[in-house]
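Participant: Could you fit the two chains together into a complex? Lean on the hints.
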Amino acid sequence: MLPLLMALLGLIPRTARWLPRLGAILLLVQIPVVIWVCVPVFSGGIISYGAFGIDGMGAAFTIITTLVAAAAMVQAALLLPAERAEGHKITDRRFCLFYTLSGGFILAMYAVPLAQHIGYLWIAVEATTLMSAPLINYHHGRDSLEATWKYLLLCSVGIAFALFGTVLILAAQHALGNGETLVLGDLIARAKDMDPRLLRLGFIFCLLGYGTKAGIFPLHNWLPDAHSESPSPVSGMLSGALLNCALVAIWRLSQVVVAAGQAELVRQLLVPAGAITVIAASLMLVKQHDLKRMLAYSSVEHVGLLTLAIGIGSGQLFILHAFNHSIVKVALFLMAGSILHVYGTKELSKLGGILKASPVWGIVLIAAGFAIAGSPPFGTFISEWLLIRDAFASGEIAATIAVIVGLTITFMAITTHVGRVVFGSEHSPAKTAPVRVWALTPALLMVMSLIAGVAVAPPVMRILSVLAQGVQR
Amino acid sequence: MNLSQIDLFAAGAAVLAVWMCGVTHVKAQLWGLALQTVMLSGICVLQGAAENQSQLFALAVVVFLVKGVGIPVFLERSAKRMDIERDKGVSISPTLTLMIGCGVLFIGYFLAPDFAVPAMMNQGSAGMALALIFIGMLLMITRRLALSQVIGFLTMENGIFLYSLTQTRHMPMLVEMGIVFEVLIGVLVAGVFIFRINRSFEHIDVTDMRRLRH
Chain A
1 MLPLLMALLG LIPRTARWLP RLGAILLLVQ IPVVIWVCVP VFSGGIISYG
51 AFGIDGMGAA FTIITTLVAA AAMVQAALLL PAERAEGHKI TDRRFCLFYT
101 LSGGFILAMY AVPLAQHIGY LWIAVEATTL MSAPLINYHH GRDSLEATWK
151 YLLLCSVGIA FALFGTVLIL AAQHALGNGE TLVLGDLIAR AKDMDPRLLR
201 LGFIFCLLGY GTKAGIFPLH NWLPDAHSES PSPVSGMLSG ALLNCALVAI
251 WRLSQVVVAA GQAELVRQLL VPAGAITVIA ASLMLVKQHD LKRMLAYSSV
301 EHVGLLTLAI GIGSGQLFIL HAFNHSIVKV ALFLMAGSIL HVYGTKELSK
351 LGGILKASPV WGIVLIAAGF AIAGSPPFGT FISEWLLIRD AFASGEIAAT
401 IAVIVGLTIT FMAITTHVGR VVFGSEHSPA KTAPVRVWAL TPALLMVMSL
451 IAGVAVAPPV MRILSVLAQG VQR
Chain B
1 MNLSQIDLFA AGAAVLAVWM CGVTHVKAQL WGLALQTVML SGICVLQGAA
51 ENQSQLFALA VVVFLVKGVG IPVFLERSAK RMDIERDKGV SISPTLTLMI
101 GCGVLFIGYF LAPDFAVPAM MNQGSAGMAL ALIFIGMLLM ITRRLALSQV
151 IGFLTMENGI FLYSLTQTRH MPMLVEMGIV FEVLIGVLVA GVFIFRINRS
201 FEHIDVTDMR RLRH
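These protein sequences, in sequence, are chains A and B. Each residue of the first sequence is one higher than the one before, counting from 1 in my numbering. Each residue of the second sequence is one higher than the one before, counting from 1 in my numbering.
The shape of chain B in the complex, shown without the other chains (with noise of 0.2 Å):
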């Protein structure tokens, strides 16, 4: 098989996803996410070259500079002031999780003809993009850090961002910038919230959460 140099970046994306699951420090974790975005602006200069799209090298920046910076560098203050440095319960051990990720990332992969796009060249991204969702869900149920499941759910928005670069002739630039925004916007809230949780709970598991029911 013939892999693009896209697919390639795409699967260390993936690769990455994959390793955090097995991994529980937060600083660690944080590293993945911004190596993965580090990955997909990657992805996104070389389509930009390949197509001589000026935009997607603005896209790559914007991107690298939120959610490959910005993003990770916000979430390490606030672990930093909350004094976590690690995921302590995971209702699976993180051994168990990483090869339940290393599933998905095949399963990704024997369902990429499915997802994929026929016109398009690089169909192997198709499946690692499936994958990192997919891992991103597995990352929110696993963990019990209300701060994990942050990093859960941007591990699958890269996916998703990942599958529309890949695998279509580009969003409108307004759409994605604004779709980058609200992430921004969204981890900001959600900081707030795991600040105010880490208050009034004196920790920030969410499997205490448990008052409300039925």
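So that you can see chain A by itself, here it is in the shape it has in the complex (with noise of 0.2 Å):
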């Protein structure tokens, strides 16, 4: 795949000044590339490589993923050479590097709703982590070496939690005689005949492991310093793709438990959880003071939106909400990345009347600030409401209204923020010109969002849950 290539020639330092636009060109050409290989998926088959494939939810994933990442590098080969030109200084040779790891990065990122086989997913979550460390500390400073530090020991023990639970997992099966295995099929088929006792404890510890990576509320801690301290691009792919991969692996676990029977375990778990973390991002978004760190929060919020869609067993909307949510966070990423340039802060405090800076970034500011807190006529609307009413419908009611008031108080929320950084009068005036140029992908993205708030009709609806069949088998 042609990551694999971007990867490679980031290796050779004196490639420095065209990498940035073919990288581009290299993930463009590969979103088309990806949907053709993943087209028999949509009707229900599955492509398997041993113990790799695509199904239903890897296909869903794998496209959210190279999406999220042809954005993120288009974005890169504008912002990046900029901040080069201006006198940040970055060598050729760690400017080479953050193309090789971001190849290896997606890469990594491919390979976990690939992988099906519960060991090589655990490896490739884990690749995904050593891939990104570096990248968050892109600029050398104080702030991202904490940042970094942080999320490499952070995650490295959630990570371990995750091979301690996956290895119960393995030894569940003692009863049963033909030998032992990590390969999901076979886990689900055999399910009810594991030891329950440590299939609960396997999971319980799984959901440690990857939720720390996925940021679920207590384990979060972090999420906002990664996202908000990493170059945008890299912010774009941790919050568009990285945490999409952590719940697919929850995802699978959860199919493996719910095939033994034990969905109320799930259930218990997952809804709670979810509900507990709309609500404790939604409180903590309200007193943010930074654009990323906010942005970082509100990642948290949706990732608390999933973990409840993965709780009352809901694949389709599992799938819709990350591809909503994906699309616009990234897109409000970039954007943030270009007025971190342009205006040299991200506090929230000192930035304000973006609109009369630059129409067209205000526009795609107001819309995407619009989308992210789930308003209509965007994407993520149509999917937060479905899934409040199946989650209603499904009989978690204090859950949803704890879901509901968290919503109310992000929407504010956010809308405040943004609404003073478009509207608001103009406190530290900018350093150069806002280019419109920069403003085009994101706006693309938003149209995205806008056609799938449209277009959620029931055609779309019977695909997803095509695709969310296709893992059940």
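Derived from the structure by calculation, the hints contain no laboratory data. Mixed in with the good hints there might be a few duds.
Stretch-level coverage of chain B by chain A, calculated; a stretch enters the list once three of its residues show a Cβ under 8 Å from a Cβ in chain A [as the list claims (entries may be wrong)]:
(1) 112-118
(2) 139-149
(3) 175-183
(4) 191-198
Have a look at the derived ranges for each label pair, beta carbon to beta carbon [as the list claims (entries may be wrong)]:
(5) B:Ser91 to A:Ile31: 43 to 53 Å
(6) A:Val466 to B:Met173: 35 to 45 Å
(7) A:Arg420 to B:Ile185: 38 to 48 Å
Which residues of chain A face chain B? A few of them, derived with a C-beta cut under 8 Å, are [said to hold, decoys possible]:
(8) Trp149
(9) Ala160
(10) Leu170
Note that CB positions come from ideal geometry on N, CA and C, so glycine has one too.
Facilitator: Below you can see the structure in the form of structure tokens.
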């Protein structure tokens, strides 16, 4: 696949001048390639290559990851050279290393949803951590170093728990005569005969582990730091693709537990976890004073919603909301990166008057702000609405009410913050004039979100349910 | 009670981990870690002999070379390069940590029946594995040096390895190798960052990293 090519080219320092453009083009070409590869899956097929394979879930998240990565790389091609031109001390070697690691990171993120074997799943998730840690530290500042260390350490501990959970699930098969397996399909098939106690323990440890990586509430500690300190294209990939990967891992394991007839456990753990995450994130959103940190907390909130979707066992809504959240969040992070570059600050109190400085940027930002807060006519509104409806219908009244309260607070917090940035009076003047082209990728993503909002009609839901069913087999 | 040879080795590894709670010299800690890993590769060999599986011998060699020799030597070198001899700041005194470590060992011992797999011979090892995991966490929490936190993480990882070795009929070889490899890369990456932290903060004490809040 093409990111590999980008990764390899990054190894040659002399390519620094044209590598950004090439990276963007490669990733853009990757979109139709991935969709073409995934086509058979849309009618319910499964393509398998040994321990890896494209099933419905895999196809959906590979496509989301590709979109996110392409958007991030296009913006990186605009942003990073401009940054270098303005005298950020970044050597050619580090610049090329950025591309090598990005390529590796994207490949690792492909491996997660495609792994049909929970051992390889673990390895892939760990690989994403290792690949992305140096990316966060791209600017080599004290703050970014602190954020990276926190990220590396917390996620490593988390991932160690996930490994223990994986081993426990392996051990849960002791009573079965014909050896042990970590292949997902076999696990689901024999889930009923596994030792329920060890399986439960295993799932809880895995949830702790992958939950850390996804940023579920008490374990979200590293997330705002890493997302706000890394360069914006990386923030976009972390938020729009990596969080999804961790959640896919949780979804896979929850399938095994459900197949073992313990759907109650999944629900009892994930539904409250999701609801608490939404509420906590919404409260923390209110008092944010940093644009990118605010976006990071909004990611935590959406992770809460996605966790809820997994908790009520709704694969369609999980995919739909992950897609909607990813494209809007990437758009926002890319805008935030441009703003940071032009104004030299991401302090919310120092930003203002963007609409006056550049109408295009202002409009895109306002649209994205409304979309991420979950208002119509954007896709996020539809998926949040369906999610609340389904959660209510499945009898999770308390959790649903908590989520609604959380979403309301979030809506107010985000619209206030973004409103001030767009309409408020100008505090610190722009260092350079905002370039209109920089808003192009975010604008395209917003159009996509708009289409997703309008087009979610019965046929789309049917495709989604085919994709979600593919996993259950 | 009846300790098998494997249980004995597992207990040895856990006791070494407890000992590591009480020392602050980086070199001593690294020796503790290396010996722990030697115990684990010993278990690997014993298990391989008992079940007649040559794969396990290969795994024992790889684990010994990577985690028993490679990683400690690498960390020792970096410690020397950064002029660190001991972890000066620990949030709980080493003696107290040692006591807590003993407590954790007991808890692990009593929890063993809950985690052990009934069909397996070495029930005691499950408890020792749990103790290793929790002591690793304890080390990570109480130590302030970035390097010591990495050592704590490796102890935790050893615990998981011990559990998978004694309580399951083996992870697929490829996965096991993948994990060893990932841990190696992880330590290398962490090593680079430790070096960076040392350079830009002039020390590798993580308690002073307090800028990023709320």
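Participant: Compare the structure with each hint and give your call.
Facilitator: Verification of the supplied hints:
Coverage of the segment 112-118 of chain B by chain A holds [criterion: at least 3 residues with CB-CB distance below 8 Å; count 4]. For the segment 139-149 of chain B, the stated coverage by chain A is satisfied: 3 residues place a CB nearer than 8 Å to a CB of that chain, which reaches the threshold of 3. Under a criterion of three residues with beta carbons nearer than 8 Å to beta carbons of chain A, the stated coverage of the segment 175-183 of chain B is upheld, 4 such residues being counted. Counting residues of the segment 191-198 of chain B whose beta-carbon sits less than 8 Å from any beta-carbon of chain A gives 4, enough to reach three: the coverage restraint holds.
The hinted range of 43 to 53 Å is satisfied by Ser91 (chain B) and Ile31 (chain A), whose Cβ atoms lie roughly 49 Å apart. As the Cβ distance of Val466 (chain A) to Met173 (chain B) is approximately 36 Å, the hint placing it in 35 to 45 Å holds. Here the CB-CB span from Arg420 (chain A) to Ile185 (chain B) is close to 44 Å, well matched to the stated 38 to 48 Å. A distance limit of 8 Å between C-beta atoms decides the matter here; for Trp149 (chain A) the minimum to chain B is near 6 Å, and the interface restraint holds.
Nearest Cβ of chain B to the Cβ of Ala160 (chain A): about 5 Å, under the 8 Å cut. The hint holds. The interface hint given for Leu170 (chain A) holds, since its Cβ lies 5 Å from the closest Cβ of chain B, which is under the 8 Å cut-off.
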